[in-house]
Amino acid sequence: MATLEVQALSRDFRVGSTTLHVLRGVDLSIERGSIVGLLGVNGAGKTTLLKIVSTLLLPTAGTVRVGGFDVVREARAARRLLSVVFGGERGFYGRLSARENATFFAVLSGLTRREAAKRAQESLERMGLADAADRPVETFSRGMKQRLHLAVGLVRRPQLLMLDEPTIGLDPLEAQRLRESIAELRGSDVAVLLTSHYLGDIERLCSRVAILQRGRITYDLPPEQLLARTGAAAEIRLSGTGPAPRQPEGDRFAASDGIRFLGHEAFPDGAASSWTMSFEVKEWSADALRALAASWPAGEITDVRVLPASLEQVFAELAAEEETP
Amino acid sequence: MSSSDPAGALALAARLSWLEYRAAYPWRIYLISALPRALLQVLFFAYLGYFTGGHTGRTFAFVGASAHVMLIATVIKGPDVLLDERVLGTLYRLRLGVLSVPAVIAVRWWVYAAEAIVDAMAVIVVVGPFVVGLDVVERLLLALPLFGLVALTTSALGLAVAAVSMTQRADVLVTNLANYAALVVCGVVAPLSALGTVGMGIGRAVPLTHGLLAIRAAIDGRPWVGEALLEAAVGAAWAASAVIVLLVQEWRARAFGIGDRI
Amino acid sequence: MSPERRWTVDVLLSSALVQARLMRSPVFVVLGVVQPAAFVLVTILARRSPAVDLSQAGLGAGLLSIWAATVWQSGLILRAETWEGTLGPIVSRPAGLAVVLLGKSIGATVRAAVFIGATVAIVSALLHHPIEVDRPLPLAAALAAVLASATVLGMLLSSLFLVTRAANRIAEALMYPVFILGGLLVPLRLLPHWIRPLADAVSLRWGVDLMRAASSGVAQPGRAWLWLGVTTAVYAVLARVAFRRMLVRARDVGSLELF
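Protein chains in written order, with this note's numbering: chain L, 1 to 325; chain A, 1001 to 1262; chain H, 2001 to 2259.
In case anyone wonders, no lab produced these hints; they're calculated from the structure.
A couple of the hints might just be wrong.
Said to hold, decoys possible - Only part of the chain A face toward chain H is listed, based on derived beta-carbon distances under 8 Å: (1) Ile1029; (2) Ala1034; (3) Phe1044; (4) Tyr1047; (5) Tyr1050; (6) Thr1052; (7) His1055; (8) Gly1057; (9) Ala1170; (10) Val1172.
Cβ coordinates follow ideal geometry from the N, Cα and C atoms, glycine included.
Can you build the whole structure from these sequences, using the hints too?
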């Protein structure tokens, strides 16, 4: 049995006389030990989905089960198994200390007061907040608040952990530390559902990526399979000085080379003229490298950039699709 | 409107104050909550006066409470005119502007002084006939200009309270403290003579006290001008204090970068 | 006690303590100290004849302030949770919002009562009209019943205030009707005959009868105990209805942002 099972989930909202169909039959399941990323443009319904799974919102149709418990009819039992971290500037009693907040929410999560105090201390230490534990939360920086959200969310080990943009507001070191903490859950008994606009987080952490488009999950694949959708392994950009080289002819590359010329741009400026040229590499191979080298123009090449295919490209393509009626 | 048109700028500030007030307190909200609260507050104090002093106490308390009720607008709500600048982070814009901050704030305060007078009138007209009779109601309405004076002097108190609260996060405490202190020391329900020497001395330094004495004198047919002038002087002193506090805060903000804690 | 029960007690206690900690801010000084002191002072200083019995002015002023605290502290608990963004984190946890709200209401009421009680006792004593305690146990029982009723009222108001945007405005308008109809400071016999039946629906009106009786050494009327219980039970039913409606608005209609 999957830790999280979502079947035919729909959620509508009435806004005045209009009905907004935010989710239209979402299916998703997450097994323990896996980390699934949920992507979608703003307004796609990611937060609505998280709210329903965390029992804050009721679905219009469909079922959601956490550890086998229906989040509508068995909400209390489901809540014992899940933990959701929404992050942001709010979500704490600002006048109280980090320790007081963490202990209180730990008690609400099912721990006795004594256990809650102990686990809160451990969780704060894990998130690097031990020194600030007794300061009022309102004095915390944004990054510290985000870490406190995570400390509170991880004070006990849930079966399902949902993280909504967990690295937002964190500096690079803090973000890396957090990614390491999340990565440790891979293969454990915790199932993780993660949303993030930092696609690097998704690429690095997730064993699967689910894309929410127009209220439905349109793709639910491992990242490498999703990346293959771009049809390319990388883009290569050459920059050079001097007069613009001739663009390679259409049939310059054999199909077996796996190279496609994308285009070039010239910036004439007398002696300071420069140009750029881009190629797409479908798949890395010795033939591809030879074909590339052979096609590069003579003259001074000042920069070579290799841009591996990224989720950003996939996301940009999907977002463009979504904008097309 | 050019930058050398301070009158025009102040007029605009006054108009915007009205628009802001209407957005925060639409008529419906005023009629279903603020007005009933004012009416019932005065009714309660009138009954308290009846309990402690019979018919004499009731009339005394009603007159006092119908003036004291103006502090809801001028001392509890009015300070938002200044305190919102702190909350919204717009104070620096006022300080960089061509008009002085005290002038802008004072002009924007007019809506609360007006609400105060409306509250007093409503209380006199609606509650008065049942509590003190039409004769007293008529005499109170004739004394409305004195209520207008008290609306201005208690606005000065509100401004001073707001100015002091600007650098601390205790505005709710300070405004309510001022309101309740006035209830006790200004001769609203308990006569000034009951306060003792020290209490009376404190009371005479607070706006509302002399104004109430003037109102009571006016409805009794006694001379009231002296008390009215004293009320005006006390109000002016509080207004001057408020202006000084605001100017000192502005100077400290520029000189030391402090004083704008939110 | 079973582990589940023990944990529920922990939730109640933690919620009460957190709420009491949150109440260490200037606004609570107004409700706990400034207002009760002002009412005691004004009442005692306004007396014009020795025939007026002020022995229970402190008691009445204290109960007035308990009501004001119920409206402005307990009544705004859930609103404050939405402002802080903590309502969602509470709802999404197994403890349940109802238990947490009960704990917080208890914490708010008890803390307010301690401060208000101390203030009115001290100010009354300083003005040579100390609160009489002829029968301490019945007085304590009546006080506990009044605080229990205030807690339930607080929960009712808290749920109601969450479903309306005009919570502060309604709170403003609610104070003085109960000040008058409760007979807390001004005896009900001074009100017009036609309005007195309305007072019977106010639980504090029965509570003050019980406390006055205990304070002055007379037997507490059984009728007052009965009606205190009935009115509080009605408030509890209304609180449950309001609470459920509030949760439906939040989770079903989705019109209430839980965070």
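Each hint, compared with the structure:
1. Nearest Cβ of chain H to the Cβ of Ile1029 of chain A: about 5 Å, under the 8 Å cut. The hint holds.
2. Taking 8 Å as the C-beta contact cut-off toward chain H, the hint placing Ala1034 of chain A at the interface holds, the least distance being around 7 Å.
3. Annotation: Phe1044 of chain A was flagged as interfacial toward chain H, and the flag holds, the nearest CB pair being 5 Å apart, inside 8 Å.
4. Using the Cβ-Cβ criterion of 8 Å, the hint placing Tyr1047 of chain A at the interface with chain H is satisfied: the shortest such distance is roughly 4 Å.
5. Nearest Cβ of chain H to the Cβ of Tyr1050 of chain A: about 6 Å, under the 8 Å cut. The hint holds.
6. For Thr1052 of chain A, the suggested interface contact is upheld, since its CB lies about 4 Å from the closest CB of chain H, less than 8 Å.
7. With its C-beta approaching chain H no nearer than about 10 Å, His1055 of chain A sits outside the 8 Å limit, and its interface hint is violated.
8. At a threshold of 8 Å, the smallest CB-CB gap from Gly1057 of chain A to chain H is about 5 Å, leaving the interface hint in force.
9. Hint status for Ala1170 of chain A: holds, given a least beta-carbon distance of 4 Å to chain H, under 8 Å.
10. Given the 8 Å rule on beta carbons, the hint for Val1172 of chain A holds: about 4 Å separates it from the nearest Cβ of chain H.
The structure does not agree with numbered hint 7 stated previously, though it agrees with all others.
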